[in-house]
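Chemist: Given chain A, put chain B in place with the hints provided.
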Amino acid sequence: MSKPLVRRQHPLYFIILLVATIKPLIIPILVFFVFGSKRNPFEWQPVVYYGAGAAAILYFAAMVLSWRRFTYIRDEHQLAVRSGILFRESKVIHRNRIHSVQIQQPLIQRLFGIAQVVVETAGSGSKPEAVLRAVSLEEAKEIQELARKNVGAIEPAQDEETPVVPAEPSAEFAERVDVSPGTFLLAALTTANLRLALAFIAGIGSFADDVLGESFYNSLADTALRYLTGPYAILIWASVALLLSWILSIGLYVWKYAGFNVEVRGDQATVSYGLLEKRRFVFPIGKVQAAMFVEGLLRRPFGRGELRVLVVHSDKEAAVMLHPFIKDTDVKNLLSRLIPHIEPISPDIQPPVGALLAFVRWKIAIAALAGGGAIAGFGIAAVWPSLLLIPVVTWWGYMQFKSEAAGMEGSHLVLRHRNIALTTAWMRRNHIQTLKLTASIPQRRKRWRTVNAAVMGGLRGYFFSARLLPAEKAEQIREWYGRRTR
Amino acid sequence: MSLDAMQRMHPKAVKLSMITSLLFHAVVFVIVLVLLAVAQFKDWPVWPFAVAEAVIVISGFIFTGIIPRLQFIRFAYFTDQEEIRICKGLWWISDIIIPMVKVQHVELESGPLMRRSELAHVTVVTAATRHRIYGLERADAEAVQRRIAEWARVREDDV
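If you read the protein sequences in the order shown, they are chains A and B.
Under numbering that gives the first Met the number 0, the first residue of the first sequence is numbered 0, with each subsequent residue one higher.
Under numbering that gives the first Met the number 0, the first residue of the second sequence is numbered 0, with each subsequent residue one higher.
No wet-lab data here; the hints were simulated from the structure.
Among the hints, erroneous ones may be present.
Said to hold, decoys possible - List time: in silico DSBU-like cross-link candidates among lysine-lysine, alpha-carbon distance up to 35 angstroms:
hint, chain 1, residue 1, chain 2, residue 2
1, A, Lys126, B, Lys87
2, A, Lys401, B, Lys87
3, A, Lys140, A, Lys331
4, B, Lys11, A, Lys126
5, A, Lys362, A, Lys326
6, B, Lys14, A, Lys126
7, A, Lys286, A, Lys255
8, B, Lys87, A, Lys286
Quick caveat, the model's predicted, so the values are computed rather than measured.
Isolated chain A, as found in the complex (with noise of 0.2 angstroms):
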């Protein structure tokens, strides 16, 4: 094997270097001179200038010591690139794992007629993999090279068994899905956007302290509280802002999800929805990762929720909407219809009954205690919404125990799971990413495990879970997922 050439940036990658350091600095240097000039420069101690000129060099030896480590190597396979001062790194990446391969001229590259050149990753996420700062044009086109002998290589993480595609793929193959505007309205109705509820409550209190003034806000607070006081004051409070935030994601679901629908084209899926700002995404179906269905508290008694799915794309949207608000009997049919090598199979494998204190055991606890603290607070008044949380509570957490499962069938996987709303995920083995299995030390004594799968959505991880189920079912799916014959 003939050693291969080491190759390093190009020796402009000073100047960039430079210019990118001193960029930010410029105003503050030129304050320094205006100002510094004014007094007397002679006043400043010795010790500064001795300061900066160390600094200076410190800084001069930096850049070409990170010039020095930079070093990159490239053949027809991979790339691998090693760098670091302190902390040192090297990695190698594979032509077929490369996403993109971008080629930029800044300005002050352009100046001087060389090129950067950033190398992104499916798993780098927002960072790119790899950036070369400084290199020539032809170089920049070589490692371009790289890439481009991949087009018409797969994606990442279908390498294996290629997915199904539709039956047909004509371009006459076609199916559309539409929301009728009554579902919609039922869709919007039923969004708990908990997160925009919080962030929308906390806006209100800077927005009234900023712009309303504190004398406005205290006097508010003031009548508002010589008519409303106690613990009931503060479930009052609660539900104007629930009721306030819950009208306002009505608005903002209807400006996001308006005019949804989506059109499947032989292998080609197109989603697009948007009142006024439109969006679309188009995506291969043989690049979906996985399905998602999430049934909202809310949705849930209308035995309805929405499905998303995954897929690797470049686009901050991981999770891609595919029906907003549909019948959980209508989800097999809809995914065989649209995308059919994801089966929604259901799961069989649920924690065991002693697993069912855990669910509950901390939110009891902790309930307990923050009522033991509103009636220390406020009073008598307070015992019964304080012992009302218990029992609501408790239930959560049981709906949680009765929610957790998981299941697999061939080489389908499902993971059923509930925070608040309860989310099932259907995979292929063959998508999944990484298994993890976890426990704490005393779940493992009674031999109870979280399983845990990464699958791709976007350009980054998602990551769907099944808790405490048997040990033994657990392994059983470590044993489907892990070292097979092929």
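Modeler: Quick look at chain B alone, frame taken from chain A:
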């Protein structure tokens, strides 16, 4: 597979994390001690610094005496052509499987102290996750990196 059949981090890594923790706590301890002396001198309340010192001593004991050894006991890894398996955790113990076909690339990382004792971490990156194999001997780490890169590629060409 039992933990014993799997590979572990190098014992040097345990010593190193003990030394790192000891150094860190010693430095913080001395700084707070100086502050305490200043407080004494300037008539500031002394007790917050005394409490801080106590906390540092306890934390130093835990992070030097207990955690590195526990980490050594709990951490194990295994690689072959099919998959990488990593077991780790102090309270939450997890057991991770990474099929070789899912490995995107492998990174080697080491800080200045680690290099002095010829140690390195290996980070395995998949499309969705990152996993660290801690405290291997430099040569070993390089071998693991090469091997995984080789296997991950071979698999790829198979398909």
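Chemist: All hints are to be evaluated individually against the structure, with a verdict given for each.
Modeler: Hints, verified against the model:
1. Lys126/A to Lys87/B: Roughly 27 angstroms separates the two Cα atoms, so the pair holds.
2. Lys401/A to Lys87/B: Roughly 29 angstroms separates the two Cα atoms, so the pair holds.
3. Lys140/A to Lys331/A: 47 angstroms, violated
4. Lys11/B to Lys126/A: Since the Cα atoms of Lys11/B and Lys126/A sit roughly 33 angstroms apart, the hinted pair holds (cutoff 35 angstroms).
5. Lys362/A to Lys326/A: Holds. Lys362/A to Lys326/A sits at ~31 angstroms (cutoff 35 angstroms).
6. Lys14/B to Lys126/A: Measuring from Cα to Cα gives roughly 33 angstroms; hence the hint holds.
7. Lys286/A to Lys255/A: Holds - the C-alpha atoms of Lys255/A and Lys286/A are around 24 angstroms apart, at most 35 angstroms.
8. Lys87/B to Lys286/A: Between Lys87/B and Lys286/A the Cα gap is close to 32 angstroms, so the pair holds against 35 angstroms.
The structure is inconsistent with hint 3 alone, although it conforms to all the rest.
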